[in-house]
Structures are given as structure tokens and as C-alpha cells.
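Throw the hints in and build the complete structure from the sequences for me.
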Amino acid sequence: TGEADYRTPISEAEQFYEALRWLNVDAVLVRVPEEPHGIGRRPSHHVTKMLYIVGWFEKHKS
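Its first residue numbered 1, the sequence shown is counted upward by one per residue in the working numbering.
It is worth saying that the hints were derived from the structure and are not from the lab. Values in this document were obtained by computation on a predicted structure and should not be read as measured data. Mixed in with the good hints there might be a few duds.
Claimed, not checked - Cβ pair distances, simulated, as ranges:
{"no.": "1", "residue 1": "40", "residue 2": "17", "range": "17 to 27 Å"}
{"no.": "2", "residue 1": "22", "residue 2": "42", "range": "17 to 27 Å"}
{"no.": "3", "residue 1": "22", "residue 2": "43", "range": "32 to 42 Å"}
{"no.": "4", "residue 1": "25", "residue 2": "54", "range": "17 to 27 Å"}
{"no.": "5", "residue 1": "62", "residue 2": "6", "range": "11 to 21 Å"}
{"no.": "6", "residue 1": "59", "residue 2": "23", "range": "13 to 23 Å"}
{"no.": "7", "residue 1": "61", "residue 2": "11", "range": "28 to 38 Å"}
{"no.": "8", "residue 1": "41", "residue 2": "62", "range": "26 to 36 Å"}
{"no.": "9", "residue 1": "62", "residue 2": "7", "range": "28 to 38 Å"}
{"no.": "10", "residue 1": "40", "residue 2": "14", "range": "35 to 45 Å"}
Positions of the beta carbon are idealized from the N, C-alpha and C atoms, including for glycine.
What follows is the structure in C-alpha cells.
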């Protein structure tokens, strides 16, 4: 979640993450500093985002 996201404030992402944890859902909240909604301002942030997405699919594939 981009910390500079004005469309979906970080506080909403934190609340959603806590609700998932409360429901015992395997979840991760990744905070990306100085990034807006799309998380693509810095190439390194975009790569990190993609690695988390690929990792999620690898972990949850059947």
C-alpha cells in the first residue's frame, strides 16, 4: 500500500489488514513509502510490489 495514496488512505488498508487477521486469514500488509495508488514512482518499488504478488501466487497455487 502506498503511504502517499490519497484514493485509499493507509489507515483504510491497515483496518482491512487487521480485520483479515481477526478472521485468521493469512495476510500481509506491505507499506511503501512515498508512493501513490499505483506504486510505480520508483522502479525498485514496482519490482518489490511485483515480487510480493508473484510470491503470493506461488504460495497459494494448488
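Taking the hints in turn, this is what the structure says about them:
1. 40 / 17: 17 to 27 Å: Check passed, 22 Å falls within 17 to 27 Å.
2. 22 / 42: 17 to 27 Å: Given range 17 to 27 Å: violated, Cβ gap about 32 Å.
3. 22 / 43: 32 to 42 Å: holds, 35 Å
4. 25 / 54: 17 to 27 Å: Given range 17 to 27 Å: holds, Cβ gap about 20 Å.
5. 62 / 6: 11 to 21 Å: violated, 37 Å
6. 59 / 23: 13 to 23 Å: holds, 18 Å
7. 61 / 11: 28 to 38 Å: holds, 32 Å
8. 41 / 62: 26 to 36 Å: About 35 Å separates the Cβ atoms of residue 41 and residue 62, which means 26 to 36 Å holds.
9. 62 / 7: 28 to 38 Å: holds, 33 Å
10. 40 / 14: 35 to 45 Å: Violated: the Cβ-Cβ distance is about 22 Å, outside 35 to 45 Å.
Of the numbered hints given earlier, the model fails hints 2, 5 and 10; all others are met.
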